Amino acid sequence: MKLAPVDYVILATYFAMVLGIGWMLRKRVSTSGDFLTSGRAVPVWITSLAFIAANLGAQELIGMAASGAKYGIMTAHFYWIGAIPAMVFMGLFMMPFYYGSKARSVPEFLKMRFDEKTRGFNAFMFAVMTIFSSGISMYALGLLLHLVLGWNFTASVLATAVIVLAYTYLGGLTSAIYNEVLQFFLIVAGFAPLAILSCAKAGGWHGIVSRLSETPAMTHSWKYIGNASDNPMGVEIFGVVAGLGFVLSFGYWCTNFLVVQRAMAADSMSAARRTPLIGAIPKMFLPFVVILPGIAAVALAKIAGPGGAHLYELPMKLGAAGVMVKDYDQVLTTLMAKFYPAGILGVGLTGLMASFMSGMAGNVTAFNTVFTYDIYQSYIRKGAPDSHYLAVGKMTTIIGVALSIGAAYLAGYYNNIMDILQFVFGVVNAPLFATFLLGMFWKRTTANGAFSGLVTGTFGAVLIWCFTVAEGKGGVFGHLYEFRSTMAQNFWIAIVAFTSCFLVTVVVTTFTAPRKESELEGLVYGLTKIRRDENAKWYERPVVLAVFVLVLAVILNIWFA
Amino acid sequence: MDLRVPSGWFFTLLGVILVGMGLITPDARAALTDVNVNLYSGIAMLIFGLFLLLMARLAAGKSR
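These protein sequences, in sequence, are chains A and B.
Counting in this note's numbering, the first sequence runs from 914 upward without gaps.
Counting in this note's numbering, the second sequence runs from 17 upward without gaps.
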């Protein structure tokens, strides 16, 4: 793929834009709260779009097109049975406690509800996780830019990291959130044309379905899910609904501070509750932008062109044992090269860079908040003036970016360690969701119960991964069971992690003394007054929005069943 | 700062660049494109950018 001058102009304009937004917002930062939590003053449409954009990193963008080509429309389960119900639950039932408690972070909520050690465990896990996920994503982007455009790996990684650092350092969380909205628009602007062009070239959805008639599971999300051997994902309905739909998605969207932080920055309780609900509306249509091109690519690879060759060939790479295997991660960029002339190509590439930046800024801003408030202020230096924590927060932003760059290089050298880490990120929120569910809805839950459950669930998951194998991954200590796919492995380990955390928490709770109810006001269901919003206009009520979102999600599920 | 203003200008500018490309080189195609994709996506971005600016203008008028 070769870029024309106009593509560089578009890319440069975008870089100037993000830096300009950071520059304009620098005056809004005078306290640590302004820098790390936006002073709870961001309008709801902005937090809603930032809520979904922070999750839409380059890895997700590349990964969703790759999964579309590999697994077909079943990939949409990550949205229609995964994210959407979880976001609705988060807005309706969990946000009142998060926002109402005035906690500045998810670990801080754990401290209020349970105790210091539960907070410490979660804060430490989360800090390590954000650094490595931003590093892994940086590595993936650097590799792709090198492969596709021949750009120097070190130069492109450093340049993007420095830009992200500059605008988050200047304007803090507000700057990250504002830029995420711009990035979201740009991702859609850059990739919606690709979805439309590739789908049209493959004969529309009907054309795709008929061209993939030999592998019908590619174009049906539910029909072939009864048996794991019938579908390319290698999963069955219980694994999808319980593992992905319930445990993994609720765990991610309801407890991952990276996204929860965006809703916490909203300017009122009502806005905080509506953030995930409004965000769910564009979110459920994203599969048409990010997954559809991948499916269309497979259909295009079956159409004979004028010269006898196919219109498109799935990219290949040298796999293990010297055999060529399909390189799904390059589907998105090779499609861009096939469909985009100079001009729109620049927008597409800018969209890719934007997605990377939004993901990285999300990680960095979540990291500096958790480090400053939950690690530094709690364990290193208590009771300092606020200006000190502002300085620490800014310094942590620089350190966070530097550590991410280090992690990116580590990802290049130690692929096996990255497998473990990527797995841990996948399931780390599964046991945490059990802890929150019990903590928020069962007032009897004790701190020791929560802590022992969380530790059991987390290390239990890692242990199972070390003893089971899927697609040649895992099984570090032994080979007790083999899953049909890494997807199935992740879903099932998440189910086990959630269940073990839940059970251990309940059992230990019954043997330990509960806290006084007066200490739990605002933190637990039944002891918290939840505003019913009777005076709000009907379209501003969370419940009305939630029903609307769920009906739309059901329609999409049935349509593509 | 109203975010609609800078993003509105940004998309208006992108739209102008793409529409310009679409008019100057109407035959620019990639291997599999059949239409003047720069022109059409440029028009869409231009409309979106102007829409954001209009919304910002209306909001500013209301608060005054």
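Since the hints were made in silico from the structure, they are not lab data.
In this text the structure is predicted, and so the values were computed from the model without any measurement.
Do not rely on the hints blindly, as some may be mistaken.
[Claimed, not checked] Take a look, some chain A residues computed to stay more than 10 Å from chain B by CB distance:
(1) Gly933
(2) Pro998
(3) Phe1002
(4) Gly1063
(5) Ala1068
(6) Leu1095
(7) Ala1102
(8) Pro1106
(9) Ala1141
(10) Leu1227
(11) Ala1255
(12) Lys1386
(13) Glu1434
(14) Trp1472
[Stated by the list, open to error] For the chain A half of the interface with chain B, some residues (derived, Cβ under 7 Å), not all of them:
(15) Met937
(16) Phe1252
(17) Val1375
Heads up, the beta-carbon is just placed ideally off N, CA and C, and yes, glycines get one too.
Against the structure, the hints come out as follows:
no.	hint	in the structure
1	Gly933	violated, 7 Å
2	Pro998	holds, 29 Å
3	Phe1002	holds, 28 Å
4	Gly1063	holds, 18 Å
5	Ala1068	holds, 25 Å
6	Leu1095	violated, 5 Å
7	Ala1102	violated, 6 Å
8	Pro1106	violated, 5 Å
9	Ala1141	holds, 35 Å
10	Leu1227	holds, 14 Å
11	Ala1255	violated, 6 Å
12	Lys1386	holds, 35 Å
13	Glu1434	holds, 36 Å
14	Trp1472	holds, 25 Å
15	Met937	holds, 5 Å
16	Phe1252	holds, 5 Å
17	Val1375	violated, 41 Å
Consistency note: the structure conflicts with the earlier hints numbered 1, 6, 7, 8, 11, 17.
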